[in-house]
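Novice: Model the full structure from these sequences, guided by the hints.
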Amino acid sequence: MTSVGPAELEALRLSLAVAARSVAFSLPLAVLVAWLLTRARFPGRTLFDAFVHLPLVLPPVAVGYVLLVVFGARGALGGWLRNHFGIELAFTTAGAALATAVMTFPLMVRAMRLSLENIDRGLEDAARTLGAGPLDRFASITLPLMLPGILAGAVTAFAAGLGEFGAVITFTSNIPGVTRTLPLALYTAMQSPGGDALALRLALLSFGLGLSGLLAAELLVRRVRRRLGR
Amino acid sequence: MLQVAVSVRRSGFALDADFAAPTPGVIALFGRSGSGKTTLVNIISGLLAPDSGSVRLGEDILTDTQAGIAVPVERRRIGYVFQDPRLFPHLSVSANLHYGRRRARAATTLIDFDEVLALLALEPLLARRPHQLSGGERQRVALGRALLAQPRLLLLDEPLASVDVARREEVLPYLEALRDRLAIPMVYVSHQFEEVLQLATHMVLLEAGKVLAQGSVNALSLRPELQGIVGPDLVGAVLDGSVTRVDAVSGSAELAVGSGTLQVSLRDAAVGDRVRLQVLARDVILAVQPVQGLSVRNALPGTVAAVSTDDFGALVTMNVGGATVLARITAGALQALRLRPGDAAWTLFKAVSTRGHTFRLPRAQPAAVPPAPEPGRGP
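Just so you know, the sequences run in chain order A and B.
Numbering (our numbering) for the first sequence: 1 to 230.
Numbering (our numbering) for the second sequence: 1 to 379.
These are calculated hints, taken from the structure and not from any lab test.
All values derive from a computational prediction rather than experimental measurement.
Some clues are possibly wrong.
[Unchecked claim] Beta-carbon label-pair distances, calculated as ranges:
| id | chain 1 | residue 1 | chain 2 | residue 2 | range |
| --- | --- | --- | --- | --- | --- |
| 1 | B | Ser-134 | A | Val-70 | 57 to 63 Å |
| 2 | A | Arg-82 | B | Ala-127 | 55 to 61 Å |
| 3 | A | Ala-20 | B | Glu-169 | 52 to 58 Å |
| 4 | B | His-98 | A | Pro-134 | 19 to 25 Å |
| 5 | A | Phe-48 | B | Glu-59 | 44 to 50 Å |
| 6 | B | Ser-134 | A | Ala-20 | 41 to 47 Å |
| 7 | B | Ala-127 | A | Leu-36 | 43 to 49 Å |
| 8 | B | Leu-126 | A | His-53 | 42 to 48 Å |
| 9 | B | Arg-102 | A | Ala-24 | 27 to 33 Å |
| 10 | B | Arg-10 | A | Pro-43 | 20 to 26 Å |
| 11 | A | Pro-134 | B | Arg-245 | 57 to 63 Å |
| 12 | A | Gly-122 | B | Arg-102 | 16 to 22 Å |
| 13 | B | Arg-10 | A | Ser-212 | 49 to 55 Å |
| 14 | A | Pro-43 | B | Glu-169 | 52 to 58 Å |
[Said to hold, decoys possible] A short, non-exhaustive set of chain A residues, derived as facing chain B with CB atoms under 7 Å:
| id | residue |
| --- | --- |
| 15 | Leu-27 |
| 16 | Gly-122 |
| 17 | Glu-124 |
| 18 | Ala-126 |
| 19 | Arg-128 |
| 20 | Thr-129 |
| 21 | Ala-132 |
| 22 | Gly-133 |
| 23 | Leu-143 |
| 24 | Pro-144 |
| 25 | Ala-216 |
| 26 | Leu-228 |
Ideal Cβ positions, reconstructed from N, Cα and C, are used throughout, including at glycine.
Specialist: Have a look at this one:
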């Protein structure tokens, strides 16, 4: 096996960029959705819950197709975004990040919800009796206590986002240097004659990245938990 | 004055409570578990909205369902020490203490940081995290945190329940110090009669969501309803008096109660100290004629005020020199002595029997505590 070449580095760089952008974009939204699903009571909550989790069960290709219809050049939102903000999503790195964000969103929400459900509501009541209003309570008590969940969600979503394939290739195609992330490069290598060695290297790289991502998540969560005395 | 008149209905539970108690002072909500004590303090704090009724503190209306008033919890300025300490686990002890102080809406500072540190001995704990504290320490921090929010009323919901019995002495003296040095009125929830005796000035007796009786601890100690909650062995008149003479050698003291004096077993007391004494009814002997040659140190002439009989025999209420004492005697003794209200009789109890049943009171009675109103009649 030869050393890592420019093709692998390019794919790795793109994967990291796409995953980082997708996490940055979806993190605040996931906190809000996790809070809504755990604490708020509103009509249609169950339907909303199911909708948030839909990417877990839908074929990724279907998600990519829906994104293409909505955010594509001729899509309802896509046209509007291009005309008003000059934002192109279809066939761009930003689009790959959006597709990744949609696919990993339920993973993130689930991790945050778990830690939110573990917070003793009595602590929030205590904060109330000490003079803290709703936003104050959220910022000073709820958010810091759900930090393990936020971190776990972010790292898991990042690790999963490095390998998002179906939605990305459907929505943004397979453009070298733009949307050809690790899994797409692996797929391309497998399709090309004589690409076996490259495919193996890319596969090993994905494997290593995934493992270190999950390990990092676990270690990070443990450290934060210890700081919280649990 | 704290006035509460509220009702709550839930499946399997109904609360219909109505009481008024003077402030400052320590108001004990006393009753068995499930009698509605915690529900009541949650309503006062605002954490729970009553189905109907009102809560007033002094001139302020905190809750009034008819007028549509419900002051939010965070604006009530009512401190709450819960059964479990509920310290914020992600903050140090110091940050926990500052949490309420920073958000205090009081125009004036009732108690400052250094005062709380001194009162509750918190200085050595400041840098620690809540999980590094013992149960008693946690509850002291919770107490300090509530005080620093500058509350105008402090709710204490069985603050010793989460502290193991051996460590209670680690917290109780601090609660006493709080009562004696601060003018913050307190509502103290407990099902331990001894805690009530040690701390309370006023008492509200709860049973199955209803107020059975309310008044001063002294007046309520004579109510027969109390026996149903504390059991026959802990029934006894509660007398407040001041020390007039101390015999350090024998560990005894003389207590002025009403217009008479009592001999009690009391160590570490000084003349002028105010002391609360519970004379257990089962420790009291009645005699229809003066007796001589007995070792008993208290033999007080008086008259029978009331006689009630129950499963345990008879409970006789005696008026002795401006004080009232309960005596528990057997049905046979009642028959032999033929005691009836108005009869003259002697009340006897040993000084030694008072050991462990005396409690220190603040030296100066907290200001503005009027005599407790008779139950049923509004103040």
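Novice: Next step is simple, just say for each hint if it's right about the structure.
Specialist: Here is how each hint holds up against the structure:
1. Ser-134/B / Val-70/A: 57 to 63 Å: 58 Å, holds
2. Arg-82/A / Ala-127/B: 55 to 61 Å: Distance hint for Arg-82/A, Ala-127/B holds at roughly 56 Å.
3. Ala-20/A / Glu-169/B: 52 to 58 Å: 57 Å, holds
4. His-98/B / Pro-134/A: 19 to 25 Å: 20 Å, holds
5. Phe-48/A / Glu-59/B: 44 to 50 Å: Roughly 46 Å apart at Cβ, these two residues keep to the hinted range, so it holds.
6. Ser-134/B / Ala-20/A: 41 to 47 Å: 45 Å, holds
7. Ala-127/B / Leu-36/A: 43 to 49 Å: 37 Å, violated
8. Leu-126/B / His-53/A: 42 to 48 Å: Holds: the Cβ-Cβ distance is about 45 Å, inside 42 to 48 Å.
9. Arg-102/B / Ala-24/A: 27 to 33 Å: Since Arg-102/B and Ala-24/A have Cβ atoms about 32 Å apart, the given range 27 to 33 Å holds.
10. Arg-10/B / Pro-43/A: 20 to 26 Å: 24 Å, holds
11. Pro-134/A / Arg-245/B: 57 to 63 Å: Roughly 60 Å apart at Cβ, these two residues keep to the hinted range, so it holds.
12. Gly-122/A / Arg-102/B: 16 to 22 Å: 21 Å, holds
13. Arg-10/B / Ser-212/A: 49 to 55 Å: Because 52 Å falls inside the window, the suggested range holds.
14. Pro-43/A / Glu-169/B: 52 to 58 Å: 54 Å, holds
15. Leu-27: 19 Å, violated
16. Gly-122: With a closest approach of 5 Å, the Gly-122/A hint holds.
17. Glu-124: With a closest approach of 10 Å, the Glu-124/A hint is violated.
18. Ala-126: The hint holds - Ala-126/A has a Cβ within 7 Å of chain B, the shortest such distance being about 4 Å.
19. Arg-128: 4 Å, holds
20. Thr-129: Hint on Thr-129/A: holds, closest Cβ of chain B at ~4 Å, below 7 Å.
21. Ala-132: Given a least distance of 6 Å, the restraint on Ala-132/A holds.
22. Gly-133: 5 Å, holds
23. Leu-143: Violated, about 10 Å.
24. Pro-144: 5 Å, holds
25. Ala-216: 21 Å, violated
26. Leu-228: 5 Å, holds
The structure does not agree with the numbered hints 7, 15, 17, 23, 25 stated previously, though it agrees with the rest.
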